[in-house]
Amino acid sequence: TQLLEQSPQFLSIQEGENLTVYCNSSSVFSSLQWYRQEPGEGPVLLVTVVTGGEVKKLKRLTFQFGDARKDSSLHITAAQPGDTGLYLCAGASGTYKYIFGTGTRLKVLA
Amino acid sequence: GAGVSQTPSNKVTEKGKYVELRCDPISGHTALYWYRQSLGQGPEFLIYFQGTGAADDSGLPNDRFFAVRPEGSVSTLKIQRTERGYSAVYLCASSLKQGANTGELFFGEGSRLTVL
Numbered sequence: 001t002q003l004l005e006q007s008p009q010f011l012s013i014q015e016g017e018n019l020t021v022y023c024n025s026s027s028v029f030s031s032l033q034w035y036r037q038e039p040g041e042g043p044v045l046l047v048t049v050v051t052g053g054e055v056k057k058l059k060r061l062t063f064q065f066g067d068a069r070k071d072s073s074l075h076i077t078a079a080q081p082g083d084t085g086l087y088l089c090a091g092a093s094g095t096y097k098y099i100f101g102t103g104t105r106l107k108v109l110a
Numbered sequence: 001g002a003g004v005s006q007t008p009s010n011k012v013t014e015k016g017k018y019v020e021l022r023c024d025p026i027s028g029h030t031a032l033y034w035y036r037q038s039l040g041q042g043p044e045f046l047i048y049f050q051g052t053g054a055a056d057d058s059g060l061p062n063d064r065f066f067a068v069r070p071e072g073s074v075s076t077l078k079i080q081r082t083e084r085g086y087s088a089v090y091l092c093a094s095s096l097k098q099g100a101n102t103g104e105l106f107f108g109e110g111s112r113l114t115v116l
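Heads up: the sequence lines are chains Y and E, in that order. Numbered by the numbering used here, the letters in the first sequence go through residues 1 to 110 in order. Numbered by the numbering used here, the letters in the second sequence go through residues 1 to 116 in order.
There's no promise every hint is true.
Claimed, not checked - With a straight-line cut-off of 20 angstroms between C-alpha atoms, the simulated EDC-like cross-links for lysine to aspartate or glutamate are:
#	chain 1	residue 1	chain 2	residue 2
1	E	Lys-17	E	Asp-56
2	Y	Lys-57	Y	Asp-83
3	Y	Lys-107	Y	Glu-54
4	Y	Lys-57	E	Glu-104
5	E	Lys-11	E	Glu-104
6	E	Lys-78	E	Glu-104
7	Y	Lys-97	E	Glu-104
8	E	Lys-78	E	Asp-24
9	Y	Lys-97	E	Asp-57
10	E	Lys-11	E	Asp-57
11	E	Lys-78	E	Glu-20
12	Y	Lys-97	Y	Asp-71
13	Y	Lys-107	Y	Glu-15
14	Y	Lys-59	Y	Glu-17
15	Y	Lys-97	E	Asp-56
16	Y	Lys-97	E	Glu-44
17	Y	Lys-56	E	Glu-104
18	E	Lys-78	E	Asp-56
19	Y	Lys-59	Y	Glu-5
20	E	Lys-11	Y	Glu-17
If you are wondering where the hints come from, they were derived from the structure by calculation, not from laboratory data.
Same shape as in the complex, but just chain E (with noise of 0.2 angstroms):
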């Protein structure tokens, strides 16, 4: 596709099940972010893909949530034990520029997780 494609666009669960959540970004951006925002706020950064490898993965909240890259292009966010607290909307996002500080980032619309 010619956009970031996120899966699912909605999400539902109980309190204390796994989920994940698919970010498959535009091709040959080698840069891939994961964001959470909640309702009428800023995106919270969670973590950085630099191709495979999670550059930085500092945003992260706690040991329940983890991300993988496995080829360097879909990544999956997985998320255990889920708390009612997580409920959010989570952006993935992909940029073509590497090291560079000015490189647009190009978002998804976002998979929507309430927690009940």
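Extracted from the complex, chain Y is given alone in its bound form (with noise of 0.2 angstroms):
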């Protein structure tokens, strides 16, 4: 079974303040998602990552993959209360099957 472990569980910070979101598997994966969900709604594409070693960068975000395709990050830098939510990595099992990871719960505060 592949299992996407997401450290912190939870995360409380000031706004400001820089944070970074761990997701790590024993399994590789041909790609990865990072996914936020709001309450209530389901749960929005943020990056995909392909290629190991891979760095993207969207506004404040930047996530990584790691060389051998079994982790990943995500940095948010000067985070705002917007940034509010539940942040999941998603690893593509094959060509189609998405697994997600535990979830990292991330409260920022004004």
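Each chain sits in its own coordinate frame; assemble them with the hints.
Below is the structure:
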């Protein structure tokens, strides 16, 4: 069974602070996605990384895929209250199956 | 509609009852997924459809869970003899890309099932 463990599980920080969320597995994934979910809504895609070692930036968010394609990280610079939400990584198994991580609940205080 | 539509948004039922949850994917999306999400957790894969056929139903917990997609569009998740442990948000997602591992999943808002 493929598992994606995220850490930390919960994170509460002040506005303006930096943070990193980790997504780890013992399995290799062909690609990895990060989603953000707000209460009462479905997850929304932030980014897809495909190549080992790949780094993608989306404004204040930086995503990295591990060289061995088993792990990933999400770094947020100068967090804002609007960044509050549940962050989920999802690994692609084969050509269609997406396995979601355990989730990191982020709260940014103004 | 423009997005994935799920009905009902909330369903409260009694233990042992039968429940149907409906998903209307984005028009033209041939791939459809059902996930189950418990509070504060990541979505758990249940079943994947490519067109009308269930390509992978390995995530269904037991034979009380069944899903259909008879015309390759709308899908229904059917749960028989519900248990309290089945209480969760059931998410549906659709995707345009076939046979690719980088397709974006578009999720509905989910159906919250509460079994009393």
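Item to complete: Take a quick look at whether Lys-78/E and Glu-104/E sit within 20 angstroms of each other, Cα to Cα.
Response: Violated: Lys-78/E and Glu-104/E sit about 25 angstroms apart, past 20 angstroms.
Discussion item. Checking one constraint from the list: CA of Lys-78/E to CA of Asp-56/E, max 20 angstroms. Satisfied?
Written reply: The hint holds at about 16 angstroms.
Worksheet entry | Proposed proximity, Glu-17/Y with Lys-59/Y (alpha carbon, max 20 angstroms) | Holds, at roughly 15 angstroms.
Worksheet item: Given the hinted pair Lys-97/Y and Glu-44/E, is their alpha-carbon gap at most 20 angstroms?
Response: Distance ~11 angstroms between Lys-97/Y and Glu-44/E Cα, so the pair holds.
Discussion item. Given the hinted pair Lys-57/Y and Glu-104/E, is their Cα-Cα distance within 20 angstroms?
Written reply: holds (18 angstroms)
Fill in: Given pair status - Glu-54/Y, Lys-107/Y, alpha carbons within 20 angstroms
Violated. Lys-107/Y to Glu-54/Y sits at ~27 angstroms, over the 20 angstroms cutoff.
Worksheet item: Holds or violated: Lys-59/Y with Glu-5/Y, Cα cutoff 20 angstroms?
Response: Answer violated: Lys-59/Y to Glu-5/Y is near 25 angstroms, above 20 angstroms.
Practice prompt. Verify the proposed pairing of Lys-97/Y with Glu-104/E, using a straight-line Cα cut of 20 angstroms.
Written response: holds (12 angstroms)
Discussion item. Checking one constraint from the list: CA of Lys-107/Y to CA of Glu-15/Y, max 20 angstroms. Satisfied?
Written reply: holds (9 angstroms)
Worksheet item: Quick one, are Lys-56/Y and Glu-104/E close enough, alpha carbons at most 20 angstroms?
Response: Given pair Lys-56/Y, Glu-104/E holds - Cα atoms ~16 angstroms apart, limit 20 angstroms.
Worksheet item: Do the alpha carbons of Lys-97/Y and Asp-57/E lie within 20 angstroms of each other, as the hint requires?
Response: Answer holds: Lys-97/Y to Asp-57/E is near 11 angstroms, not above 20 angstroms.
Fill in: Holds or violated: Lys-11/E to Glu-17/Y, with C-alpha atoms at most 20 angstroms apart
Given pair Lys-11/E, Glu-17/Y is violated - Cα atoms ~40 angstroms apart, limit 20 angstroms.
When the structure is compared with the earlier hints, violations turn up for hints 1, 3, 5, 6, 10, 19 and 20 and for no others.
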